[in-house]
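There are 2 protein chains.
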Amino acid sequence: MNKKFAIAIHGGAGTILKSTMTKEKEDQYVSALKEAINIGYKILEDGGTSLDAVEEAVVSLEDCPLFNAGKGSVFTHNGIHEMDASIMDGRNIDAGAVSLIKNIKNPVRLARKIMEKSEHVILAGDGAEEFARQFNIEFADKKYFYSEFRYDQLQKALQSDSIFLDHTELDHKFGTVGAVALDQMGNLAASTSTGGMTNKKWGRIGDTPIIGAGTYANNETCAISCTGSGEYFIRTMTAFHVHSLMKYGNYNLDIAIRKVIHEILPSIGGDGGLIAIDNNGNVVMDFNTEGMYRAWKKGGENGNETENESVLIY
Amino acid sequence: MNKKFAIAIHGGAGTILKSTMTKEKEDQYVSALKEAINIGYKILEDGGTSLDAVEEAVVSLEDCPLFNAGKGSVFTHNGIHEMDASIMDGRNIDAGAVSLIKNIKNPVRLARKIMEKSEHVILAGDGAEEFARQFNIEFADKKYFYSEFRYDQLQKALQSDSIFLDHTELDHKFGTVGAVALDQMGNLAASTSTGGMTNKKWGRIGDTPIIGAGTYANNETCAISCTGSGEYFIRTMTAFHVHSLMKYGNYNLDIAIRKVIHEILPSIGGDGGLIAIDNNGNVVMDFNTEGMYRAWKKGGENGNETENESVLIY
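Sequence lines, in order, name chains H and Y.
Under this note's numbering, think of the first position of the first sequence as 16, with each following residue one higher.
Under this note's numbering, think of the first position of the second sequence as 16, with each following residue one higher.
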C-alpha cells in the first residue's frame with residue numbers, strides 16, 4: 016500500500032483558557048480525540064472509504080460527553096436537545112443533513128442515510144425522525160442526553176437570558192465536532208455534527224447542516240468541516256468559499272483558508288475555525304479563536320514524513 | 016434622478032407547455048407578474064431600497080394563488096402547508112430565512128424580521144412561528160391556504176406516491192417565486208419564497224431558505240434568486256457559485272450564469288433557472304427547463320434604452 020491517505024478531526028473552537036483547564040481534563044480531551052482519529056485512520060489504512068472514516072470518527076465524538084454533539088449536546092431554551100449534522104461525498108458532491116432532531120443517538124448516521132436512501136439533502140424536525148424510524152436509525156431518550164454539567168449551563172444562561180454556544184463565562188467554546196478524510200482511492204469526504212447553542216430559541220438552524228457553510232467536500236479541491244459562530248459561516252458560505260478560492264482563484268488550501276478565517280469571517284465579526292484536507296493529502300487546521308480541539312493523522316506515502324500524527328488544543 | 020435602478024422577478028421554472036396553457040390563464044400570469052414588478056419598480060423609482068422592493072414584489076407573488084408560495088402553496092403529504100423563504104441584503108451580506116413554517120401569511124416578511132431583529136439567519140418550524148408572534152407578523156389559517164386545485168394535486172400525488180414539485184403530469188413546474196433588485200443607492204438585494212413540493216414528506220428543506228443556494232446578494236457582484244430542483248441547487252451552491260465565478264474567476268454575470276445553469280447543474284441532473292442583477296444594473300434570467308415565469312423592468316439611466324421592461328413565460 017503506497018497511496019496517501021489522511022484524516023483530521025475537530026471537537027470545536029473557541030476560548031479554551033489554560034487557566035480553567037486542569038491536567039486531568041486536558042488528558043480526557045486528548046484521549047477522546049486520539050480514540051476518534053484512530054477509529055477513522057484504521058478504516059483508511061484498511062482500504063476503507065473516506066465516507067466511512069469521517070462517519071465513524073464523528074460517531075466516536077458524538078458518543079463522548081465532552082463534546083457538544085450527540086450525547087454531550089447542550090440544552091435548548093425549552094430544556095430539550097436539538098441536534099444538527101451533515102455529511103458530504105467528494106466523489107459526486109452528494110450530501111445529506113439533518114436539523115433540529117431530538118431523539119437520534121448519532122445524528123451523523125441519519126445524515127448519511129438521507130444522502131444514500133432519499134432524494135433529499137436536508138430533513139428536519141419530527142419529519143426527519145419519521146424517516147429515521149423507517150430506516151432503523153438508533154434512537155435515544157432524554158435520559159441519554161442528560162448531564163448535570165449541561166443542565167447547569169442552561170440554568171446560568173436562562174438567568175442572564177443569553178444565548179450561549181457551548182461555554183461558561185470564562186470558557187466561550189463552539190462545541191461542534193467534525194471530520195475530513197482522504198482515502199486510498201483518492202476520494203474526499205467531510206462531516207460535521209453539533210448540539211447547537213445553550214438556551215437556543217426559535218428553531219434556530221446554524222451552519223452545521225448547511226452544505227457549503229459548515230461542511231463541504233469535492234474531489235476537485237478539498238474537504239472541510241467548520242466550527243464557530245454559525246450565522247457568519249452561513250453568510251460567507253465558509254466551506255464552499257474555500258473551494259471557490261481554490262477552483263476559481265487558484266489559491267492553494269493553506270492560503271485559501273487563511274483568507275477565509277483571518278480576513279473574510281472577521282470582516283463581518285465571525286469567529287471560529289475549520290479543518291480541511293485537499294486531494295493531495297495536505298491537512299490544514301486553522302482558527303481565529305484561542306484554541307480548537309483538533310487532531311490529524313496521515314498514512315501511506317505520507318507515512319514517510321517524520322511526524323505523521325498530532326493532537327492539539329491551543 | 017439619473018442613477019440606474021432595476022428589478023427582476025420570477026414565478027417558477029419548469030415544463031410550462033403551451034398545449035396545456037389557455038389564453039385566459041396566460042393573461043392571468045402576465046397580469047400577476049406585471050403587478051408584482053410594478054410594485055417593486057415604484058419603490059425603486061421613488062428612491063426606496065432594493066430590500067423593500069424585493070420584499071414587496073415577493074409579497075405580491077405570495078398573495079397571488081397562481082404561484083406556489085404563500086397563499087398558493089401546495090399541500091405536503093400530511094395535508095398541510097410548509098413554506099420556506101429568504102432575503103439577503105447585498106450591502107452587508109446580512110440575511111434572514113425561514114423554513115417549514117405553517118401559518119404565516121407572508122413568509123418573506125418573517126425572513127426579513129429575522130434578519131433585522133434577531134442574531135440568527137435561519138429559524139424553522141414552531142420556533143420560527145413563536146418568533147413571529149413576538150414580532151407581530153401576520154398569521155393566516157388553513158382556510159386561507161386551501162384551494163381545490165392544490166388539494167386535487169395532492170390526491171393525485173398520493174395515489175402514485177410521488178413527490179411532486181408544483182405540477183400536473185403534463186405540467187412539471189417549480190413554483191417558487193423570487194425577486195432581485197438594484198436601487199438608486201447602488202445596493203443589491205434578493206429574496207425567494209416557496210410552498211415546497213406537493214406530497215412532501217419528512218420535513219424536507221429545499222434551496223429556498225438556504226443562503227448561497229437559492230438566494231444570494233452581494234454588492235461586490237450580483238443578486239440572485241433561484242427556482243428548480245432544490246437538492247441540486249444546494250449541492251452546487253448555485254447562487255453563491257455565480258458570485259464566486261464573478262469574484263474569483265472574473266466571469267461577467269451572463270457567462271457565469273450560463274456556466275452554472277447549462278453546465279454545472281445539468282452535470283449532476285439539476286434543472287431549473289434563476290434571475291439575477293449585477294451591480295451595474297444588468298439583468299440576466301436563464302433556465303434549462305422549457306419555461307420560467309419572469310419579468311424585469313429598468314429605470315434611471317437604463318430608461319434610455321428602447322426597451323425597459325419585459326414579461327415572459329417561455
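These are calculated hints, taken from the structure and not from any lab test.
Please note that the accuracy of each hint is not assured.
The list makes no distinction among identical chains, and a pair is therefore deemed to hold if it is satisfied within one copy or across any two copies.
[Stated by the list, open to error] Below, simulated EDC-like cross-link-like pairs (lysine to aspartate or glutamate); rule was C-alpha separation at most 20 angstroms, straight line:
| no. | residue 1 | residue 2 |
| --- | --- | --- |
| 1 | LYS171 | GLU278 |
| 2 | LYS171 | GLU153 |
| 3 | LYS19 | GLU278 |
| 4 | LYS216 | GLU134 |
| 5 | LYS216 | GLU305 |
| 6 | LYS262 | GLU145 |
| 7 | LYS216 | GLU145 |
| 8 | LYS40 | ASP78 |
| 9 | LYS57 | GLU41 |
| 10 | LYS19 | ASP67 |
| 11 | LYS40 | GLU305 |
| 12 | LYS86 | ASP141 |
| 13 | LYS216 | ASP141 |
| 14 | LYS262 | GLU153 |
| 15 | LYS216 | GLU131 |
| 16 | LYS49 | GLU71 |
| 17 | LYS274 | ASP78 |
| 18 | LYS33 | GLU131 |
| 19 | LYS216 | ASP78 |
| 20 | LYS120 | GLU163 |
| 21 | LYS262 | GLU278 |
| 22 | LYS49 | ASP167 |
| 23 | LYS18 | GLU316 |
These numbers were taken from a predicted model, which means no experiment stands behind them.
Practice task
Please flag the earlier hints that this structure goes against, numbers listed from lowest up.
Solution key: Hint check: 1, 2, 3, 5, 6, 9, 14, 17, 18, 19 and 22 fail, others pass.
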